[in-house]
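Visitor: Oh and the sequence shown: position 179 is 179 in our numbering, straight run, nothing missing.
Warning: the hint list may mix true and false statements.
Here are the simulated distance ranges between beta carbons [said to hold, decoys possible]:
(1) ASP19 <-> GLY56: 23 to 29 Å
(2) ARG184 <-> LYS81: 30 to 36 Å
(3) ALA64 <-> PRO99: 33 to 39 Å
(4) GLU57 <-> ALA34: 41 to 47 Å
(5) GLY36 <-> GLY56: 38 to 44 Å
(6) ASN103 <-> ASP82: 20 to 26 Å
(7) GLY155 <-> GLN61: 36 to 42 Å
(8) ARG184 <-> SER80: 33 to 39 Å
(9) ASP133 <-> ALA48: 27 to 33 Å
(10) ALA107 <-> SER80: 17 to 23 Å
SDA-like cross-link-like pairs, simulated, lysine to any residue; straight-line CA separation at most 25 Å [said to hold, decoys possible]:
(11) LYS143 <-> ALA114
(12) LYS81 <-> ARG184
(13) LYS180 <-> GLY116
(14) LYS180 <-> GLY155
(15) LYS81 <-> ALA107
(16) LYS143 <-> ALA132
(17) LYS180 <-> GLN167
(18) LYS159 <-> ALA107
(19) LYS143 <-> LEU18
(20) LYS81 <-> ARG63
(21) LYS143 <-> GLY36
(22) LYS159 <-> ALA114
(23) LYS180 <-> ALA132
(24) LYS143 <-> ALA34
(25) LYS81 <-> THR30
(26) LYS143 <-> ASN130
(27) LYS81 <-> ARG129
(28) LYS159 <-> ARG60
(29) LYS143 <-> GLU131
(30) LYS159 <-> PRO119
(31) LYS81 <-> PRO135
(32) LYS81 <-> LEU29
(33) LYS81 <-> LEU171
(34) LYS180 <-> LYS81
(35) LYS143 <-> ALA107
(36) LYS180 <-> THR30
(37) LYS143 <-> ALA94
(38) LYS143 <-> ASP17
(39) LYS143 <-> GLY96
(40) LYS81 <-> GLY36
Keep in mind that the hints were calculated from the coordinates and are not lab data.
Glycine residues also receive a C-beta, built at the ideal position from the N, C-alpha and C atoms.
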Amino acid sequence: MGILDALFGRTKPVRPDLDQLFGVPSAALTLEAAAGFRPTGVGSVCFASVEGGAFGEVERQVRALLDADTERGGVPVEASKDAYGYSWLLARHAPGELPELVNDLHAVNSELEANGFGPQLLCSLVAFRNEADRPLALVYLYKRGTFYPFAPVPGGGEKRDSPLELQVNALLGNDLRLEKDLTRWFPVWGAPGL
1 MGILDALFGR TKPVRPDLDQ LFGVPSAALT LEAAAGFRPT GVGSVCFASV EGGAFGEVER
61 QVRALLDADT ERGGVPVEAS KDAYGYSWLL ARHAPGELPE LVNDLHAVNS ELEANGFGPQ
121 LLCSLVAFRN EADRPLALVY LYKRGTFYPF APVPGGGEKR DSPLELQVNA LLGNDLRLEK
181 DLTRWFPVWG APGL
């Protein structure tokens, strides 16, 4: 960062730090104890698809990596596209297997990044629910290396529970690197697994 950057208020972009994902199990304990939200065992990775054989091959490798768990009784990864044209890979585990789910999400992100497709990675999310069946996701923004909570209102169309998101954000300050810029708390409407 140069002197002109400092004068004009420009900052260096944050480097992605995929190891931040490993903080999710600790955050899950805090969420359960303080707010009653438990992991559902579902998580997903969102990325912008790229046409071409190289990207198709990497996507097949990622799916094969996660599908290998089916031999041990796991559920194969599910691929889908949302209404905005983004691709999602959904991984499922038992709710008590959050560390294994986080390992899968980390593996998907790492594989795409290692093959030069880091710029296509958008976010990863881990889903939670409380006793009233309210959904909540912890969303990891790949390009920012930060997390934020996303709480859609059940049955409310495209409405979010902002007070709950702020409450969860306040709870998790010691567990995760949280996104301070609230304008970057993008809604992930229709995200698989949420």
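Visitor: Name the hints, by number, that the structure is in violation of.
Guide: Checked against the structure, the hints that fail are numbers 2, 3, 8, 13, 14, 16, 18, 21, 22, 23, 24, 25, 26, 28, 29, 30, 32, 33, 34, 37, 39 and 40, while the rest are satisfied.
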